[in-house]
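**Q** What follows is the residue order along each chain.
Number of protein chains: 2
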Amino acid sequence: MPDKVRIALDAMGGDEGASVAVPGADLSLQRHPDIEFLLFGDEAKIAPLLTGPLKAVSRLVHTDVAVQMDEKPSQALRHGRWKSSMWLAIDAVKRGDADVAVSAGNTGALMAMAKFSRPAIAALWPTLRGESIILDVGASIGADAEHLVDLAVMGSAMARVLFNVDRPKVGLLNIGVEEVKGLEPVREAGRILREAKLPGLDYIGFIEGTSIGEGVADVVVSEGFAGNIAIKAAEGTARQFASYLRDAMRLTLRARLGYVLARAAFAMLREKMDPRKANGGVFLGLNGIVIKSHGGTDAEGFAAAVDVGYDMVRHSLLGKIKQTLDHYVRNEPQIPAVGEVAT
Amino acid sequence: MPDKVRIALDAMGGDEGASVAVPGADLSLQRHPDIEFLLFGDEAKIAPLLTGPLKAVSRLVHTDVAVQMDEKPSQALRHGRWKSSMWLAIDAVKRGDADVAVSAGNTGALMAMAKFSRPAIAALWPTLRGESIILDVGASIGADAEHLVDLAVMGSAMARVLFNVDRPKVGLLNIGVEEVKGLEPVREAGRILREAKLPGLDYIGFIEGTSIGEGVADVVVSEGFAGNIAIKAAEGTARQFASYLRDAMRLTLRARLGYVLARAAFAMLREKMDPRKANGGVFLGLNGIVIKSHGGTDAEGFAAAVDVGYDMVRHSLLGKIKQTLDHYVRNEPQIPAVGEVAT
Numbered sequence: 000m001p002d003k004v005r006i007a008l009d010a011m012g013g014d015e016g017a018s019v020a021v022p023g024a025d026l027s028l029q030r031h032p033d034i035e036f037l038l039f040g041d042e043a044k045i046a047p048l049l050t051g052p053l054k055a056v057s058r059l060v061h062t063d064v065a066v067q068m069d070e071k072p073s074q075a076l077r078h079g080r081w082k083s084s085m086w087l088a089i090d091a092v093k094r095g096d097a098d099v100a101v102s103a104g105n106t107g108a109l110m111a112m113a114k115f116s117r118p119a120i121a122a123l124w125p126t127l128r129g130e131s132i133i134l135d136v137g138a139s140i141g142a143d144a145e146h147l148v149d150l151a152v153m154g155s156a157m158a159r160v161l162f163n164v165d166r167p168k169v170g171l172l173n174i175g176v177e178e179v180k181g182l183e184p185v186r187e188a189g190r191i192l193r194e195a196k197l198p199g200l201d202y203i204g205f206i207e208g209t210s211i212g213e214g215v216a217d218v219v220v221s222e223g224f225a226g227n228i229a230i231k232a233a234e235g236t237a238r239q240f241a242s243y244l245r246d247a248m249r250l251t252l253r254a255r256l257g258y259v260l261a262r263a264a265f266a267m268l269r270e271k272m273d274p275r276k277a278n279g280g281v282f283l284g285l286n287g288i289v290i291k292s293h294g295g296t297d298a299e300g301f302a303a304a305v306d307v308g309y310d311m312v313r314h315s316l317l318g319k320i321k322q323t324l325d326h327y328v329r330n331e332p333q334i335p336a337v338g339e340v341a342t
Numbered sequence: 000m001p002d003k004v005r006i007a008l009d010a011m012g013g014d015e016g017a018s019v020a021v022p023g024a025d026l027s028l029q030r031h032p033d034i035e036f037l038l039f040g041d042e043a044k045i046a047p048l049l050t051g052p053l054k055a056v057s058r059l060v061h062t063d064v065a066v067q068m069d070e071k072p073s074q075a076l077r078h079g080r081w082k083s084s085m086w087l088a089i090d091a092v093k094r095g096d097a098d099v100a101v102s103a104g105n106t107g108a109l110m111a112m113a114k115f116s117r118p119a120i121a122a123l124w125p126t127l128r129g130e131s132i133i134l135d136v137g138a139s140i141g142a143d144a145e146h147l148v149d150l151a152v153m154g155s156a157m158a159r160v161l162f163n164v165d166r167p168k169v170g171l172l173n174i175g176v177e178e179v180k181g182l183e184p185v186r187e188a189g190r191i192l193r194e195a196k197l198p199g200l201d202y203i204g205f206i207e208g209t210s211i212g213e214g215v216a217d218v219v220v221s222e223g224f225a226g227n228i229a230i231k232a233a234e235g236t237a238r239q240f241a242s243y244l245r246d247a248m249r250l251t252l253r254a255r256l257g258y259v260l261a262r263a264a265f266a267m268l269r270e271k272m273d274p275r276k277a278n279g280g281v282f283l284g285l286n287g288i289v290i291k292s293h294g295g296t297d298a299e300g301f302a303a304a305v306d307v308g309y310d311m312v313r314h315s316l317l318g319k320i321k322q323t324l325d326h327y328v329r330n331e332p333q334i335p336a337v338g339e340v341a342t
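Chains as they are written, first to last, in numbering that gives the first Met the number 0: chain S, 0 to 342; chain Z, 0 to 342.
Since the hints were derived computationally from the structure, they do not count as laboratory data. Please note that the accuracy of each hint is not assured.
Said to hold, decoys possible - Pair ranges (Cβ atoms, derived):
#1 S:D297 with Z:S242: 22 to 32 Å
#2 S:E213 with Z:S315: 41 to 51 Å
#3 S:R77 with Z:R186: 21 to 31 Å
#4 S:R77 with Z:R193: 25 to 35 Å
#5 Z:H31 with S:E213: 38 to 48 Å
#6 Z:E42 with S:R166: 51 to 61 Å
#7 S:D2 with Z:R193: 52 to 62 Å
#8 S:E42 with Z:L252: 54 to 64 Å
Unchecked claim - Covered by chain S, per the in silico footprint, the following chain Z stretches (three or more residues, Cβ under 8 Å):
#9 88-101
#10 219-230
#11 242-251
Stated by the list, open to error - Here are some, though not all, of the chain S residues that point toward chain Z, as calculated from beta-carbon distances under 7 Å:
#12 P32
#13 L182
#14 G208
#15 A254
#16 L256
#17 L260
#18 A261
Ideal placement from N, C-alpha and C gives every residue a C-beta, glycine not left out.
Turn these sequences into a full structure, and let the hints steer you where they fit.
**A** Below is the structure:
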């Protein structure tokens, strides 16, 4: 295990930039004194905020190029490649100078810059039992069976780290009607997962969209198009419900009085559906991890993203993924080799 | 316009069978005296319920075979083909003896039996502005560009009937990240819809999962896999939110008191998220329509499904779809013919 966890920060990302990222890093350092930070961004804005213990464990690399929140990925690549704080933070991970990168920057630009092998974006989905991991929510489209199995392995390694379970339950997202042919790669991936009996994950079969929120699986595996649409449809529905609730409560004096009395309960409800928690995600690949914090987050939200990155490094997430994939490829001669499956 | 609207009923479908279907038909007849019913099912159960004006406009065809709610589609086909009340009701539409069929039966079996050409299942999605139509939510998987354009035409014809708008806004469900290649058929369908400028629909471009609930489009078009996952993820989230709300309200005495005071508001909220409204759907094809009522519905819910079927016939839904598709194929020589697009 490495002595220190080396975290690269895109200190200019997000709506607030350095004024959220630097205090966020400070909060996380108080919880994890064994972090070293590598900060990329505008020295004039960052240096004044870097004080005390944080300054002692940080190295600041100046760049005056920052990806804007409203830039299209193509624009961001054009003017931010090689030199923006986002690019440099990701590149530090690829070069091995950092173990993980954290950014609150523009998602599309991050996706374009973090070109990992076998990429996936994993997100946390709040459920009735706690949280589940869903992946891929948009890094790639139209996965074959091999990629779906990789996603199952990556997601369950992540679940072991985040949820502290030995064999996370893994479900493949599918539609529930027998006669309609489910997507062929999903069925093929189901067959492989059932037969391969991989260590470190418990394959529970297909699950439908309605079951995600029930928390029946710790890890929900989908190709990126359907996964993205699932999580965004759920997000939109949660917002819609909150809006109905607000309207309903404003309707009559009695309802308003009721709302005042039940205010603590409503506050708890808002907390449960907090987009700061759900929004964001983990950009995962076999050669790197970037934690995406929500663009509109505050220092506490950014610190939570740094904490997730820290946990993943401390628990050797990438090492575990590679180990399981090696096991799957080498030790199960009775199933087709990975390459043959992907037809 | 036909004198009468001829509606075939699977009188044995649903959890309650004839005891819901027959009173439901009666309710709808009171609103639409120009309906004629063709009922299929167990005469011993149906005949005693058929009284008064309903009896005068109904023809009852006896069969003692009924598809069970828990049967798999393959089982249902095996023992219900040619003779079950569900099969006979659908077949009456195909033979031209009825204009539309209504069933509260098992969805998978309906899908297997209603083998229309270019099939789609359309559902109503409650939004902040009212309701939108989403299709396809599971009749087919992996639509090509041609099928997506057909879905846009079918959905907008349905929106004209149900929402009484001249040019419904139509959006294609897609993921919002520019750099990732969206699904090729979705982009191709977008190009066709933009250039074809079809009468009777207003193409507004791609929409993301989060926007469905905002009601930005009257019609949301998707291939069946992602569409099914979207609507089920939203349904699950609505249930989850309702469950959080119940728990939060039970938490303290103050919250409970608040809940009592705001009860009318909560009742309204439940009404908005009523699964009787959202669950169910329209099985649409170029050669027939079947209205699927929720299996657990009551007579009022079943009557609402009959009303939808009535409206579609009275407004010549299928005729309008065929007309628009003809227009699209014949009058727009500057765009590729339908057959060439589907590559």
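**Q** Hint by hint, note whether the structure agrees.
**A** Checked hints:
{"no.": "1", "hint": "S:D297 with Z:S242: 22 to 32 Å", "in the structure": "holds (28 Å)"}
{"no.": "2", "hint": "S:E213 with Z:S315: 41 to 51 Å", "in the structure": "holds (42 Å)"}
{"no.": "3", "hint": "S:R77 with Z:R186: 21 to 31 Å", "in the structure": "holds (22 Å)"}
{"no.": "4", "hint": "S:R77 with Z:R193: 25 to 35 Å", "in the structure": "holds (26 Å)"}
{"no.": "5", "hint": "Z:H31 with S:E213: 38 to 48 Å", "in the structure": "holds (40 Å)"}
{"no.": "6", "hint": "Z:E42 with S:R166: 51 to 61 Å", "in the structure": "holds (56 Å)"}
{"no.": "7", "hint": "S:D2 with Z:R193: 52 to 62 Å", "in the structure": "holds (58 Å)"}
{"no.": "8", "hint": "S:E42 with Z:L252: 54 to 64 Å", "in the structure": "holds (56 Å)"}
{"no.": "9", "hint": "88-101", "in the structure": "violated (count 0)"}
{"no.": "10", "hint": "219-230", "in the structure": "holds (count 8)"}
{"no.": "11", "hint": "242-251", "in the structure": "holds (count 7)"}
{"no.": "12", "hint": "P32", "in the structure": "violated (36 Å)"}
{"no.": "13", "hint": "L182", "in the structure": "holds (6 Å)"}
{"no.": "14", "hint": "G208", "in the structure": "holds (3 Å)"}
{"no.": "15", "hint": "A254", "in the structure": "holds (4 Å)"}
{"no.": "16", "hint": "L256", "in the structure": "holds (5 Å)"}
{"no.": "17", "hint": "L260", "in the structure": "holds (3 Å)"}
{"no.": "18", "hint": "A261", "in the structure": "holds (3 Å)"}
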